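Participant: Letter by letter, the chains look like this.
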Amino acid sequence: MKNICFYFQVHVPYALRRYRFFEIGKDHYYYDDFGTEQQIRELADKSYLPANRIIANLIRTSGGKFCCGFSISGAAIEQLEQYAPEVIDSFKELADTNCVEFLAEPYAHSLSSVFNDNEFELQVKKHSAKIKELFGKKPTSFRNSELIYSDEIGEKVAKLGYNTILLEGAKHILGWKSPNYVYGHPYLPKVKLLTRNFSMSNHIPFEFSNTSWADYPLTADKFAQWIADAPEKEEIFNIWLGYEAFGSIQKDYTGIFEFLKALPTQTFNRGIGFITPSEAGKMTPVDTISAPYPLSWSGEEKDLSSWTGNHLQEEALQKLYSVAERVNLCKEKALKRDWQTIQDTDYLRYMSFKNAWGSTFDSPYDAFINYMNILADFLLRVDAEYPTSIENEELNALLKTINEQEATISELENTIKTLRSRKTK
Amino acid sequence: MKALMFGWEFPPHILGGLGTASYGLTRGMSVQDDLEITFVIPKPYGDEDQSFLKLIGACNVPVVRKENSWDHVNERIGRIMHPNEYFWYRDHIYYDFTRIGTNELGCIEFSGRYPDNLIQEIDNYEAVAGVLAHSLEFDVIHSHDWLTYPAGIFAKQISGKPLVIHVHATDFDRSRGNVNPTVYNIEKRGMDIADHIICVSNLTRNTVIEKYHQHPDKVTTVHNAVDPVPNVEHFKKEERKDKLVTFLGRITMQKGPEYFVEAAYRVLQRSKNVRFVMAGNGDMMQAMVDLAASRGIADRFHFPGFLKGSEVHQMLANSDVYVMPSVSEPFGISPLEAMQVGTPSIISKQSGCAEILAHAIKTDYWDIDAMADAIYAIVEYSSIYKTLSEEGIKEVNSITWDKAGLKVRSIYNRVTGR
Chain A
1 MKNICFYFQV HVPYALRRYR FFEIGKDHYY YDDFGTEQQI RELADKSYLP
51 ANRIIANLIR TSGGKFCCGF SISGAAIEQL EQYAPEVIDS FKELADTNCV
101 EFLAEPYAHS LSSVFNDNEF ELQVKKHSAK IKELFGKKPT SFRNSELIYS
151 DEIGEKVAKL GYNTILLEGA KHILGWKSPN YVYGHPYLPK VKLLTRNFSM
201 SNHIPFEFSN TSWADYPLTA DKFAQWIADA PEKEEIFNIW LGYEAFGSIQ
251 KDYTGIFEFL KALPTQTFNR GIGFITPSEA GKMTPVDTIS APYPLSWSGE
301 EKDLSSWTGN HLQEEALQKL YSVAERVNLC KEKALKRDWQ TIQDTDYLRY
351 MSFKNAWGST FDSPYDAFIN YMNILADFLL RVDAEYPTSI ENEELNALLK
401 TINEQEATIS ELENTIKTLR SRKTK
Chain B
426 MKALMFGWEF PPHILGGLGT ASYGLTRGMS VQDDLEITFV IPKPYGDEDQ
476 SFLKLIGACN VPVVRKENSW DHVNERIGRI MHPNEYFWYR DHIYYDFTRI
526 GTNELGCIEF SGRYPDNLIQ EIDNYEAVAG VLAHSLEFDV IHSHDWLTYP
576 AGIFAKQISG KPLVIHVHAT DFDRSRGNVN PTVYNIEKRG MDIADHIICV
626 SNLTRNTVIE KYHQHPDKVT TVHNAVDPVP NVEHFKKEER KDKLVTFLGR
676 ITMQKGPEYF VEAAYRVLQR SKNVRFVMAG NGDMMQAMVD LAASRGIADR
726 FHFPGFLKGS EVHQMLANSD VYVMPSVSEP FGISPLEAMQ VGTPSIISKQ
776 SGCAEILAHA IKTDYWDIDA MADAIYAIVE YSSIYKTLSE EGIKEVNSIT
826 WDKAGLKVRS IYNRVTGR
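Quick note, the sequences are listed as chains A and B, same order.
For the first sequence, our numbering gives the first residue as 1, with consecutive numbering after it.
For the second sequence, our numbering gives the first residue as 426, with consecutive numbering after it.
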């Protein structure tokens, strides 16, 4: 039986304020609260709330046969909690139906999976705890920020306990293979890989109302028929997209919500069902796929060049992650929060010469200047806590002790227990 | 196709950007095999590069018939123009210009500069255009900047050939809005009578449409380009401890020098290893010296005066940042020259070149904070300096005059109905 596996990404970066260099060291507030609020309120009202209502309705009317996944970044959760808590409530209602799955990801929507393992682990754990706290369930499938994935990242993720990983169905790793199957990791047999069907996924946000597109108009009927027409053995169609496609990229008047409403009826009529990523992860892989270099869902190249493609981004990233160890030693709450926020991949993408859509800055240079000013101030604050005069090796040693202390303590406790029990015997 | 062009300056004897642009454009157009250009300037010096066009000096064209022997003419102007050509023009004098003071050859003396009696020179130039329009064969007339509009109009009226005028600047740019009515009148008349108007930027195009009430269909933008710097590898950055931030140009109201001083003051509050240079001359020079002193940054702010020729390129190559905070700049070639030698540029959004440059930082001319921020970033972070420098060279090398020449050619084709 053919299945559609939906997951919708909910992420929006904090709006950064115009931060001039003469404020470095004087003002430690980096955000444009008005801009952030306006942005998230608009998304909530035009996109998240109406789309959630429709999905709740679809689940009810289909008797639980419709299901889908969501990935909500830490930044989005925080903003929703602050400015649009009713969205969180409506996600909670969806969670209660048991037909909706929430995916794990790094809390800060960051590139930590590529640049700092320790930071990556912390962020994934933080995110999963937050999802558990809000929706009552620990996530079991993992999707990285921007669907960044390589064999090595897959290994790190597996170590954190996730055996279903979502990645882009990029041509350069799939080759002649179809994305519409479940695959396995080349050397970790337990790990299942789901690959995004990017051409079908992109039709919804980018072509839906494009009258010059060859297949315009995109109807639910047509979409379902494409899947029905696919080879018999293709069993899973991974349609993954930004949630803002509904109501924000494609506005209400384009009929995008009607499309969403109509789709399940059309697919059920053709014997096509729905499946969540975790359920899909239980299927047997047909083959393995290997990704020696990191890939992502961005741009034509499907690599990391949107965030690491030029000198500006390289310098920013290098300076940012150079203090990762130090920041994690810090106790100051405000500093740690800023650390999470400024790692957002979007701030780096705004410095890209080819893929800076959605940027609030005049040019990549402008984005770089503003970001570096903020980063310079941030680095000063870190330096004030842990002066650069302390060597990184020294810090690493400290960090190791701290990280391992819990393990050591529990080990020692166990020894004490066994000794005690022996004693009582 | 034959084009008769009227200009005012031609390298190597230039006073402003007009000469450079005229040279670049005609040179870029010379790659078109079926195009012949005759370029008229008031006063040639004889050392101009005539390899790709024919140059005529208005000061050697007789407007009043005077009897002279061949040998005498040869002795007087043979160095620049063949005497037969002189006699050919003399035979095509149809109007009485004896009211104009002429020399013994019947020619008018031109300064070829921008003297106090400029309006008179413009009128005299018009008279020469009358003789040339009768003597020469051409398909289209092309006038560069307002000084030559009357000449172009006269040539059009005589020959009936279409007139294209090239707006390199308007009086609104030069005066920040307080236009000189005489100049405005000449400009407006030229635009009204022209068959087509070429502007060097969309900024200028808008001015022409809005302030001179021209129909948008008649106005086309052809952005300027830049000639490659000869021996570009010769201009290397010298090693020095301090970073150098440079302003280069006339120190006048139009160029916004005061914003540069204010931005310098802000940068120096935080960075100590930066020096600022304001090269050039102008009526606001003294005021700028005073301003720098009153801000207390005179020890880091330098005025080397007017630079010329290769000094300009050396200065630009030595700089870490080039700043052009012009209040109103029809095009502005200097940031492109800076980029050619690998120096990052910060330009005002109110300059025409901002329309075609992606690898330069653009700020509003009044936004001192943004300008200071950009300067600070470039001197502080190596990656942005490197990127602007490398990408800037690539970008500026792709802006060539032959592309601009093709656009001008398509306008010629349009007005001549080919």
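What the hints contain is simulated information worked out from the structure, not anything from laboratory work.
You may find that some hints are simply not true.
What the hints assert, rightly or not - Which stretches of chain A does chain B cover? Using the computed rule of at least three CB atoms under 8 Å from a CB of chain B, they are:
1. 135-145
2. 309-321
Said to hold, decoys possible - Pairs of lysine to aspartate or glutamate, DMTMM-like flavour, derived with a Cα cap of 25 Å:
3. K774(B) / D303(A)
4. K319(A) / D548(B)
5. K319(A) / D667(B)
6. K319(A) / D792(B)
7. K811(B) / D362(A)
8. K697(B) / D362(A)
9. K819(B) / D377(A)
10. K26(A) / D794(B)
11. K697(B) / D377(A)
12. K354(A) / E820(B)
13. K319(A) / E820(B)
14. K811(B) / D303(A)
15. K331(A) / D377(A)
16. K666(B) / E42(A)
17. K668(B) / E315(A)
18. K26(A) / E816(B)
These figures come from a predicted structure and were not determined experimentally.
All residues carry an ideal CB built from backbone N, CA and C; glycine is no exception.
Participant: Does each hint hold? Answer for all of them.
Facilitator: Here's how the hints hold up against the structure:
Taking a C-beta to C-beta cut-off of 8 Å, the region 135-145 of chain A contributes 0 residues in contact with chain B, too few for the three needed, and the coverage statement is violated. Under a criterion of three residues with beta carbons nearer than 8 Å to beta carbons of chain B, the stated coverage of the region 309-321 of chain A is upheld, 6 such residues being counted. Restraint check for K774(B) and D303(A): not satisfied, since their Cα atoms lie roughly 34 Å apart, outside the 25 Å limit. Of the pairs offered as hints, the one joining K319(A) and D548(B) is violated, with about 65 Å between alpha carbons and a cut-off of 25 Å exceeded.
A threshold of 25 Å between alpha carbons decides the hint, and for K319(A) with D667(B) the separation of about 24 Å falls inside it, so the pair holds. Between the alpha carbons of K319(A) and D792(B) the distance comes to roughly 28 Å, so the proposed pair goes past 25 Å and is violated. Simply put, K811(B) and D362(A) have alpha-carbon atoms about 20 Å apart, close enough for the 25 Å limit, and the pair holds. At roughly 28 Å between alpha-carbon atoms, K697(B) and D362(A) are farther apart than 25 Å, so this suggested pair is violated.
Between K819(B) and D377(A), the direct Cα distance comes to roughly 33 Å. Violation of the 25 Å bound is thereby established for this hinted pair. Restraint check: the Cα-Cα separation between K26(A) and D794(B) comes to about 16 Å, which is no more than 25 Å; the hinted pair holds. A threshold of 25 Å between alpha carbons decides the hint, and for K697(B) with D377(A) the separation of about 18 Å falls inside it, so the pair holds. With a C-alpha separation of about 15 Å, the suggested pair K354(A) and E820(B) falls inside the 25 Å cut-off, and the hint holds.
Proximity of K319(A) to E820(B) is assessed by CA-CA distance (about 28 Å); at most 25 Å being required, the pair is judged violated. The suggested pairing of K811(B) with D303(A) holds, with an alpha-carbon distance near 23 Å, which does not exceed 25 Å. A distance of roughly 18 Å separates the Cα atoms of K331(A) and D377(A); the hinted pair therefore holds under the 25 Å criterion. Of the pairs offered as hints, the one joining K666(B) and E42(A) is violated, with about 51 Å between alpha carbons and a cut-off of 25 Å exceeded.
Of the supplied pair hints, the one linking K668(B) and E315(A) holds, its CA atoms being roughly 20 Å apart against a limit of 25 Å. A C-alpha spacing of about 34 Å is found between K26(A) and E816(B), which places the hinted pair above 25 Å, so the restraint is violated.
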